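Here are the chains, one letter per residue:
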Amino acid sequence: MENEVKLTAGAMVTFGIAVAALVVLPYIQVRDVKPPEGLKPYTSAELRGRASYISNGCVYCHTQQPRSESFAPDAKRGWGRASVPGDYVYDRPHLLGSMRTGPDLMNIGVRQPSKDWQLGHLYQPRAYVPGSIMPPFPYLFELKDQADPDEQVVTLPPGTAPSGKVVVATPEALDLVKYLQALRRNYPILPPEPQAADGAKTSSSTRPTPKPAGAS
Amino acid sequence: MESAILSLLGAFLLSIMGLFVFIWSLRKGLLVENPKAASAIFVAGEIGHTDDPALGRGDQQRFQTAAAESGDGAHTPDQHEVEDRISADRSSAFPVFMFIAFACMWLLFGGIAGLTASLKLHMPDWLVSDAWMTFGRIRTVHLTAVLYGWITNAELGLIIWLMPRLLRTPLMGNLWIMLGGALVNIAIASGIGAIGAGWSDGMEYLEMPWQIGIFFAAGMVCIVVPVLYTLVNRKVDSLYVTTWYHTAGLLWITMLFIVGKLPGVHFGVQQAAMNWWYGHNVLGLWFTPVAVGAIYYFLPKVIARPIRSYNLSILGFWTLAFFYAQVGGHHLVGGPVPGWLVTLSIVQSMMMIVPVLAFSINMALTMRGRMRLALYSPTLRFMMFGGAMYFLSSLQGSFEALRSVQRVAHFTHFTVAHAHLGAYGFVTMVLFGAIYFMMPRILNWEWPYPRLIAWHFWLAAIGITIYFVGLSYGGWLQGLAMLDETRPFMDSVAVTIPWLQWRSLAGALMVASHLIFVGHFLAMALRFGPNRAGAALFAHPSRN
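For the record, the sequence lines run as chains A and B.
Under the numbering used here, think of the first position of the first sequence as 1, with each following residue one higher.
Under the numbering used here, think of the first position of the second sequence as 217, with each following residue one higher.
Please note that the accuracy of each hint is not assured.
Not the full set, but computed from the structure, chain A residues with beta-carbon under 10 Å of chain B [claimed, not checked]:
#1 L22
#2 Y42
#3 D74
#4 P125
#5 Q146
#6 P162
#7 L174
Derived pair list, reagent style BS3-like, types lysine-lysine, alpha-carbon separation capped at 27 Å [to be verified]:
#8 A:K40 x B:K252
#9 B:K451 x B:K252
#10 B:K451 x A:K144
From the derived model, a few chain A residues whose C-beta atoms are all more than 10 Å from chain B [as the list claims (entries may be wrong)]:
#11 A18
#12 G164
#13 Y187
What the hints contain is simulated information worked out from the structure, not anything from laboratory work.
Values in this document were obtained by computation on a predicted structure and should not be read as measured data.
Heads up, the beta-carbon is just placed ideally off N, CA and C, and yes, glycines get one too.
Take these sequences, add in the hints, and give me the full structure.
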């Protein structure tokens, strides 16, 4: 029995150490992180859009984690400042991503706020970005002879839609675009930890006054 | 800067301490080779009697002649112990066949899904009319089918087949194991259906909705308990290293899955840390230990020589258990997670060189002067290829974790190439070899068309080589283009296109090899080709 006990106990100890280090400690460290003042919770339409971002697997080609300028030129590409844990407090599940087959989307709502552009780009990415390898999502749209008055007609570059038809966005496409437009993390954040930890009194006095978020 | 050095030092000290604790617990000297424990896989008098059931009878004779060394032939295998092994094999045959059959089905399905996803990356307007066909879903269907469907089923079959053999005791709780297998496969099939329909938990490797994951976890528990029960009823004195790897692997994947899937607990960046702790541990604590354990059994068994140093293999086990469990954080280099976490994972990634070297040195010494035997034995060929790819992919992984390499390689196809080197070049090739060895014993039937085994091997080996070399190069170019702020982002897309096309070609070769393999498996299961004479389960020259 000695070997069995050593085996199972040892395996569980190494496993326990790893859980403590990579799951429990980060949990303790970030559970009290407050959302930055400029960050608003998602609206229900944005959450529906986020659900279709997940179900269509956008996360497999797009990250949401710009890195610091010392590491990579993410900010120079217009992807935004390096993100901090507070930026993600409303994110369940997290969508940090692991591939940049396409660009980072952490601040796509700042970079490309136009609803028409986003809808048209989802319908046919290559009509806007030559050489793009993003899949088109025609199933988020309807082809009609004529749109009803309350429907959103997608304005497309000439030659993109079949002739004689109009492209109408489904509610799912509209929600997805609302989510993309909400991806704006350009509000100010507290300075990074090392400076803040220099002294308790300085951390409160050097805290920048939050400016109104974004331009909107 | 100072905190980085401190955490680095802390991680290093912790690792060293952990290492010494386990070395202490083993009590035996590390440099002792321990030939007695290494010979536990052989019955009395069996050393020198080669064994590759994937060969026809004539080929077995040729292999035996080629493998003969001075001092052989004095003994014949103890027939009583051989009978024990036959009854151990018989006890597990049906559940193992079930797992392998499921694994083959998922391999074929998952491979085709993967090829489709690969083609879609350079033909983006192909198959886009319906939601289930979109890249984001097909890619995830591929991942779930090959990781959970193929590798997990094949490894479960492998564990359940080797456990009774190594413990010299019949398998206990067969019905529970088959119930577990049914639950696991119901979960995989439903998970794939859910992902295709757009219902996903949204985290890489953990996409299967947790409601479906309950079936997976319940199935794993139904399998683990009988295996542990068989373990405590063993008839051998000491456990062989394969049993260590396999038992620990089963416990780890069950715990991993349950912790990773706990609904409502994880959030924000903590969830990201958990996600990659899980993602890398599926490879590190489930795929790798089971495949390494398989090599520790099949390689010496086929060539009929014990591994060179048993105690070194145990050192490899404990260092892998300790270091590998903590490497997941390197997937978040540069990300918004605490810096100490990433540093810890980078240190442990480098420490992974220890178990990898322990394994590789051991195998190299065991095979020294016997490499040519790969010409004769298909099982050995797959095992040697897999072992070599384990060495390469692990070493690559250790260096890939460094921040300097990550600056370029992170977020690119370079990582995808690395993942396939590990999951295909290493794990899948080992599983192929193991299935070629196991099936004749399980079905009591020869592989009907031995030439197909060679076709399978070469198509798969050439396929993964093109895949890895092409995509690594393309991914590196992509990373360089992204780092250069003067180049537009679209450059980083354009440079990958030719290499994505090469990847599709490589994927087509791999899928072709799977068609051959699964077709051959079906032909065998349907009893094509020659029968074996009775229970001719062991190749001794005396019996012929």
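Checking the smallest CB distance to chain B, is A:G164 really beyond 10 Å?
The claim stands: A:G164 keeps its Cβ more than 10 Å from every Cβ of chain B (closest is about 19 Å).
Would you mind confirming whether the straight-line C-alpha gap from A:K40 to B:K252 stays at or under 27 Å?
violated, 66 Å
Holds or violated: is there a CB of chain B closer than 10 Å to the CB of A:D74?
holds, 9 Å
So, A:P162 near chain B? Judge it on the closest CB pair being under 10 Å.
violated, 13 Å
So, as I understand it, the hint says A:Q146 touches chain B; can you test that by seeing if any CB pair is closer than 10 Å?
Since chain B brings no Cβ nearer than about 22 Å to A:Q146, farther than 10 Å, the hint is violated.
Chain B contact restraint for A:Y42 - C-beta distance below 10 Å:
violated, 13 Å
Verify this label for me: A:Y187 is non-interface relative to chain B, using a Cβ-Cβ cutoff of 10 Å.
The assertion about A:Y187 holds, with a minimum of 15 Å to chain B.
Given the proposed pairing of B:K451 with B:K252, does the C-alpha separation stay at or below 27 Å?
holds, 16 Å
Is the shortest C-beta separation between A:L174 and chain B less than 10 Å?
This hint is violated: A:L174 lies away from chain B, its Cβ roughly 16 Å from the closest one there, beyond 10 Å.
Is the hint on A:L22 kept, meaning its closest Cβ partner in chain B is under 10 Å away?
At 4 Å from the nearest chain B Cβ, A:L22 passes the 10 Å test, so the hint holds.
Is the nearest Cβ of chain B still more than 10 Å from the Cβ of A:A18?
The assertion about A:A18 is violated, with a minimum of 3 Å to chain B.
Straight-line Cα separation of B:K451 and A:K144 no greater than 27 Å?
Violated, because 74 Å separates the two Cα atoms, which is more than 27 Å.
In terms of the numbered hints stated before, the structure departs from hints 2, 5, 6, 7, 8, 10 and 11, listed from lowest to highest.
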